[in-house]
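Protein chains: 2
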Amino acid sequence: MTKSAPRTRIQEKNRSAILEAGLDVFSQFGFRGSTVDKIAEAAGLSKPNLLYYFPSKEAIYLELLNSLLDTWLDPLRALNDDGRALPEILDYVRRKLAMARDYPRESRLFAGEILQGAPRIEDALKGDLKTLVDEKAKVIRHWIAAGKIKEVDPYHLIFSIWALTQHYADFDTQVNAVLGGKDPFPGAELYLEQFFTSLLKP
Amino acid sequence: MTKSAPRTRIQEKNRSAILEAGLDVFSQFGFRGSTVDKIAEAAGLSKPNLLYYFPSKEAIYLELLNSLLDTWLDPLRALNDDGRALPEILDYVRRKLAMARDYPRESRLFAGEILQGAPRIEDALKGDLKTLVDEKAKVIRHWIAAGKIKEVDPYHLIFSIWALTQHYADFDTQVNAVLGGKDPFPGAELYLEQFFTSLLKP
DNA sequence: GCTTGATTTGACCAAGTGGTCAAAGGCACG
DNA sequence: CGTGCCTTTGACCACTTGGTCAAATCAAGC
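Chains as they are written, first to last, in our numbering: chain U, -10 to 191; chain G, -10 to 191.
These are calculated hints, taken from the structure and not from any lab test.
Do not rely on the hints blindly, as some may be mistaken.
Identical copies carry no separate label here, and so any pair may be met within one copy or between two of them.
Said to hold, decoys possible - With a Cα cut of at most 25 angstroms, we get these calculated DMTMM-like pairs of lysine to aspartate or glutamate:
{"no.": "1", "residue 1": "Lys127", "residue 2": "Asp161"}
{"no.": "2", "residue 1": "Lys137", "residue 2": "Glu182"}
{"no.": "3", "residue 1": "Lys139", "residue 2": "Glu182"}
{"no.": "4", "residue 1": "Lys137", "residue 2": "Asp13"}
{"no.": "5", "residue 1": "Lys171", "residue 2": "Asp117"}
{"no.": "6", "residue 1": "Lys27", "residue 2": "Glu1"}
{"no.": "7", "residue 1": "Lys190", "residue 2": "Asp142"}
{"no.": "8", "residue 1": "Lys125", "residue 2": "Asp172"}
{"no.": "9", "residue 1": "Lys127", "residue 2": "Glu182"}
{"no.": "10", "residue 1": "Lys139", "residue 2": "Glu124"}
{"no.": "11", "residue 1": "Lys190", "residue 2": "Glu111"}
{"no.": "12", "residue 1": "Lys27", "residue 2": "Glu47"}
{"no.": "13", "residue 1": "Lys125", "residue 2": "Asp161"}
{"no.": "14", "residue 1": "Lys119", "residue 2": "Asp161"}
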């Protein structure tokens, strides 16, 4: 799965500099709006030098997207069917909100891809993602059946967590415009806790 | 404010065909990913002919964006401080969800613009949008003070309505991948009613 | 310092793209 | 039918952009 591992120190350094720069540029301008030149400049390399490390602009984008998908789903994977249902869900919400705060570029890159119809990760969505969500929906149904949380549609519950947390990263511009630059995250965390508690507490 | 009104019937027809095509193409590929040729073809015109009606690609995009902003805020404008607080909010949620269902292209065009930092509508966000939201936040605070709904942060309440409804339009690809193509909207409406009722009912 | 392979670069190319323009077609109306 | 204006188009241009390549540079072991 992993590309041919970098051998020398300099390769490792340059490859990761390119990926960093790619994340910066792609998340800001989208795939079509990003140029190899811009990425190269951000990485401190010349364009042909960049293309010495990656065969194409798309290869950079794809590597970012694929490594991202895993990271992005980790918090959901950690949702486990142990005893306490509501705290488990609230933890998931908090983890996801923290990711929106700490990794907004990743969130936006992902959002941009989905927004355009996810042409490059459709398979992953219908495969790994769907499988994982189906699995976790079952966990949630068990909690409901056991009376640990109120009855809600598990899929829409998961969608709502995604929507509410990622909104603060993806539409950051809008949120900041309305709040006049005030940091939205402390308030958001309180609101979301209140929100999901009142929805789910039996 | 309105551009020089079209005089002849053919102008009116072609201009609106171009805007329709522009909405189609821009919402699917974003500004940078859309080409004048693509839009012209979708409108059934040649490229120079299209440029006869609009001075540039950006002019089409801007006209769409500006006329959109108004439409997009109408449901929020309709949120009025009459007697019944909770039904008023639930109506707003329903209206917004209906727009996500019926006008997904508009939602995506808007989302794409915000995602890239809203370079072309920053002023409108910090101006009209902020003003409107501030005003409605005050209405919500009155409802809270009158004990008609539970105490929540009005701004995050509004953000959450935007996030939850637009998610179904903007990330439609993801939602469909997870649900295997099943129509999400009936379930979403139920879920959102439940959600906001349990959050707000005193 | 010499050799060998890894790294870097300037020059270049082909395709795509936004936009222009002069000329041709169409249409309404006297 | 002719005139004047609106509409349409083929040809064209300048610029951007992804990607190539041969040559130059560098680094490490001998």
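The hints, checked one at a time:
no.: 1; hint: Lys127 to Asp161; in the structure: between (33 angstroms within a copy, 22 angstroms between copies)
no.: 2; hint: Lys137 to Glu182; in the structure: both (17 angstroms within a copy, 21 angstroms between copies)
no.: 3; hint: Lys139 to Glu182; in the structure: both (15 angstroms within a copy, 14 angstroms between copies)
no.: 4; hint: Lys137 to Asp13; in the structure: neither (42 angstroms within a copy, 46 angstroms between copies)
no.: 5; hint: Lys171 to Asp117; in the structure: between (37 angstroms within a copy, 18 angstroms between copies)
no.: 6; hint: Lys27 to Glu1; in the structure: within (20 angstroms within a copy, 41 angstroms between copies)
no.: 7; hint: Lys190 to Asp142; in the structure: both (15 angstroms within a copy, 20 angstroms between copies)
no.: 8; hint: Lys125 to Asp172; in the structure: between (32 angstroms within a copy, 20 angstroms between copies)
no.: 9; hint: Lys127 to Glu182; in the structure: both (22 angstroms within a copy, 23 angstroms between copies)
no.: 10; hint: Lys139 to Glu124; in the structure: within (19 angstroms within a copy, 34 angstroms between copies)
no.: 11; hint: Lys190 to Glu111; in the structure: neither (35 angstroms within a copy, 40 angstroms between copies)
no.: 12; hint: Lys27 to Glu47; in the structure: both (14 angstroms within a copy, 22 angstroms between copies)
no.: 13; hint: Lys125 to Asp161; in the structure: between (28 angstroms within a copy, 20 angstroms between copies)
no.: 14; hint: Lys119 to Asp161; in the structure: between (27 angstroms within a copy, 14 angstroms between copies)
The structure fails hints 4, 11 (numbered hints given earlier, in ascending order).
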